[in-house]
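Chains as they are written, first to last, in numbering that gives the first Met the number 0: chain A, 0 to 518; chain B, 0 to 292.
If you're looking for bench data, these hints aren't it; they were derived computationally from the structure.
Heads up, a few of these hints could be off.
[Claimed, not checked] Below, simulated DSSO-like cross-link-like pairs (lysine-lysine); rule was C-alpha separation at most 27 angstroms, straight line:
no., chain 1, residue 1, chain 2, residue 2
1, A, 480, A, 204
2, B, 68, A, 80
3, A, 97, B, 68
4, A, 126, B, 133
5, A, 318, B, 50
6, A, 288, A, 318
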Amino acid sequence: MRMGKKGIVGSLVLAASLTLAGCGGQSTDNAASTATPSAPSTASGVSSAPASGSKLNTQLKFLSYQDNFDPETDYERQAIKDMLGVDIVPTMGNDDDKVNLILSSGQDYDMISMNNRNLLAMYAKNKAIQPLTTLIDQYGPNLKNAFTQEEWDMVSVDGEIYALPTFNYEAVTDGLIIRKDWLDKLGLPMPTTPDELYQTLKAFKEQDPGGVGKDNVIPFAYHAGEDGNLLEISGLAEAFGLGRGPTDFIEQGGKIVSGLDTPGAKEYIAYLNKLNKEDLLDPDAAASKHDKVMEKVGAGYVGAATMSCWDSGAVRALKESDPNAELAFLPPMKDPNGNQKISGTGGLYSFVIVPQASKKAADVVQYANAFLDPANYTKLILGDENVTYKVEDGKYYPIFPAFDKLNKGRWFYPVNESKMYTPLFGARARKEPEMAALWDDINAKADSYVYTPVVNQAPVVQAEQDFGQQLRTFSHEQLIKMMLDDSSLAKFDDFVKQWKEKGGQALADQYNEWYQTTK
Amino acid sequence: MIHRLTKGDRVFVAVCYTVLIVTGLLVALPVLNLISVSLSGGNLVYAGAIKLWPEQLQFDAYRYVIQSKTFFSAFRVSVIMTLLGSVLGLLLAVMAAYPLSKPGLPARKWIVLAFVFTMMFSGGIVPQYLLINKLHLLNTIWAVIFPSVTSVFNLLIVKNFFEALPGEIEEAAKIDGASQLKILFTIMLPLSKPVLATIFLFFAVGFWNDYFNARMYITDQHLMPLQVYLRTVIFEAQDPTGNFKLDQNSLRNVAPQSIINATVFLSMLPMAVLYPFLQKHFLRGMVIGSVKG
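Next comes chain A alone, as it looks inside the complex (with noise of 0.2 angstroms):
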C-alpha cells in the first residue's frame, strides 16, 4: 500500500512543489544577492581566490545519495576537514521528490547533489538554486580550468551556471568478449569484422571446441531482455554505421540523424536475425538479462558475449568450472572501411546545486575550487602513495586493507572532472586481480576508439520527457521481434514509419535545433 502510494503521488509532488519553490524563490532572492557577494574586478580577471594551502573555515551541509557507510565517521569527511578546512555535515537521501519538497520548503542545505537535468533547468527558473556564475568567476579559478564552454553549458540554464559538474572517468568498460581457447583450439583468429564474428561463431556451433556438448554450445549471449535495451551492442553495432543500437542518433554530415535513416539499421538487425536464425544466438536472448548471460558465460557454454569488465566474478566462476578458459575482449568491429568505435564512460555523472536559502554559496564554489586544486586532487581521491595506493608504470593499484578507507570517497566529491581522475579510477578499477585484467584488456583495446554519444552533451529535449519512455518501450518490443522473426523484419519500414510517429520525429527535430546552436 505505502509503495504504491509513492507512484501516483510522485507527479503531484513535482508539479506542487515547484509552485511552492516559485513563491519561495520570489521571496528569499533577495537572500541570494545578499550571499552573493558583490564582485568587483570579475572582468578583469582578476582572482581574489585564496592560494592554495590556506584553508577555508566552513560547515556545510550536504546531501547526496543514500550508501550503505556512516559518512559522520568516513575517513573522506576528515581528510576534506584536515585538508581543505571544510567541515561537511553530511545527510542522505536524494530522490528527486524529496529534493523537490526540501527546496521549496527553505530548507538549510548548502549543497545537494542530484543527477536529474530536467529538474535543473526548473529549478533555476523558479530561482529555487542560486546563480553561480559570478562566484565561480571570482572564487574558481581551477573550475574554470578544468571544463570547456561545452561541459558547462551542460549545467547551465540561459547562459548562467547552477551547478558543479561532476564528469565520469572516460573508459571503455562494455564489450565484446570472447572465448580465446576455443579461438586457439580451432586454430582462428580474432574476428575483426561482423562478418568474421559470425564465421567463428558458425565454427563454435559446428566443432563445439570447448567440448560442452553441441547442443549446449551457446555461440553468441547477450541482454536483449535488459529493460529498455534496444540491441544496443556497442562494438558491434558500430561497424554498421550506428551508434550503440539502431535507434540511437548519430552526427551525419551536419546534422543529427537516427540510426533508422541509415541502411545500417536494417543490416544490423537483420545479422542478429540471421545469428537467432542459425542457432548461433542464445535461443534466451530476447528475455536475458545481463546477470543471466554472465551465469552462462561462468558456466562455460557461451563463445561470445557482451560483457562489462566488472564481471570479475563470472571468470572466477569460468575458471573454476575449466581452469583451461580464457576470456579476452575483441577490439571493437571494423565497418566495411575498417573503421573502429565504440561507446565509453565519459559524460555528466551528477552535479551540485546550492539550495537558494543556503548562505554560503561563496563557500561551496571555493571548497570546490580547493578540491581540484593539484595540491590536495590526487591525496583526496587516493590517499597518500605506498599507503593507501601505488603507481606502477603509470598505472594505479589500490593496497589492501588500508585502501578500503577510501572505498565511500565518492560519496564526499563536490565536482570533479574525467581527465585528472580517469588514470586515478584505475586504483578502483583494479580492486581484485581478475577486474585489473578485465580493465586493462578492453582499454587497451578499445581505448583508442572511444566516442561519447552525441546527444549525451545536449539539453534534455521536450519531447525526450513527452515520448521518451514510451518510444523505448516501443521499440524495445519491435526490435526484439525483428531480430526473432522473419515476418517482423520484412515490416522494418512501418517500424520507421511508427517510430517517427510516436515521437521520434519530434526527438530528431529537437536535437538538430539544439545542434545547431552549438557551431
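With the hints as your guide, set chain B onto chain A.
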C-alpha cells in the same frame, strides 16, 4: 475429522491439500533458494548453479552483514520504530474505537464519518511534508511514526469488535462501581485479545516494512530503518567499483547476491518469528472484527 468421509468429501479434501501444498511450495521455494544462495560459494552463485540447497557452504555473507555497523544501526531503528509505533498505534486505536463503539455517543455517526473521510482522501505528500517540517519532526523517529500511527482501517476493526461484545458485561461492571477507564482496561481489553493481536500485527508489519516515510523525512544515516538500508545494499552490489568492504580473501568467495540475500533473510527474520505467535489470534480477530460489522 474422525467422522467417516464420503467419497465426495475425500476428493474434496484431496483437492484442498493439493492446492494448499502447491501454494505452500510456491511461497516456500523462492525463500529456500534465497537462503541457499546466501550460504553458497561465490563462483557457484555467479554461475547460477544454486537451486534449492546450498553448495560449498560458507557463512561469509552473514559474517559480512553481522560485522556491518550500519546493519545493526538500521536494525535497531526498525525495532524501536516498530515497537513504539505499534504500541502507540494500538493505544490510539483502542482509545478512539471504544467511545465510538458506544451507541449513546452524541454525533457518533458524524465522528465516524470524519474518520472514514481521511481514509478516502488525504492531504497529499506536499502538505504532509510541510507539516512535518513545521513541527520540527524532520530527521526524528516521530516523522516516520506519526503519519502511520492512526489507521482508520484498524480503528474500525477494533470498534466493530467492541460493538460485538455483549453490553451486559459492561452493565454488570458499572453496577459493581467500575469507572469507564477501569471497564475498558480491566474488562473489555482482556476480552479483546484477538483483535488487539491482529491490529498489533498490522501495525508491526506496516512499521517494519516502512520505506516511504523514512525515505522522505529522514536524511540522517543513524535514523535509517532496515528497508532503506536494504536498498543501499542492493545498489552497492550493482556498483563493483565501490564494492562491499571486505578483505580481499573473503570478498573473493562471496557473490554480491549472497550478501543481498543474507541481508534480506536477516531482516525478514523478526517478522517471520512474530507471525506464528500471533497467528492464532490473527485469524480469529479478522473474522470477528469483520463479520459483525
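Now the hints, each set against the structure:
1. A:480 x A:204: Holds, at roughly 23 angstroms.
2. B:68 x A:80: Measuring from Cα to Cα gives roughly 23 angstroms; hence the hint holds.
3. A:97 x B:68: 26 angstroms, holds
4. A:126 x B:133: Distance ~22 angstroms between residue 126 of chain A and residue 133 of chain B Cα, so the pair holds.
5. A:318 x B:50: Holds, at about 21 angstroms.
6. A:288 x A:318: 22 angstroms, holds
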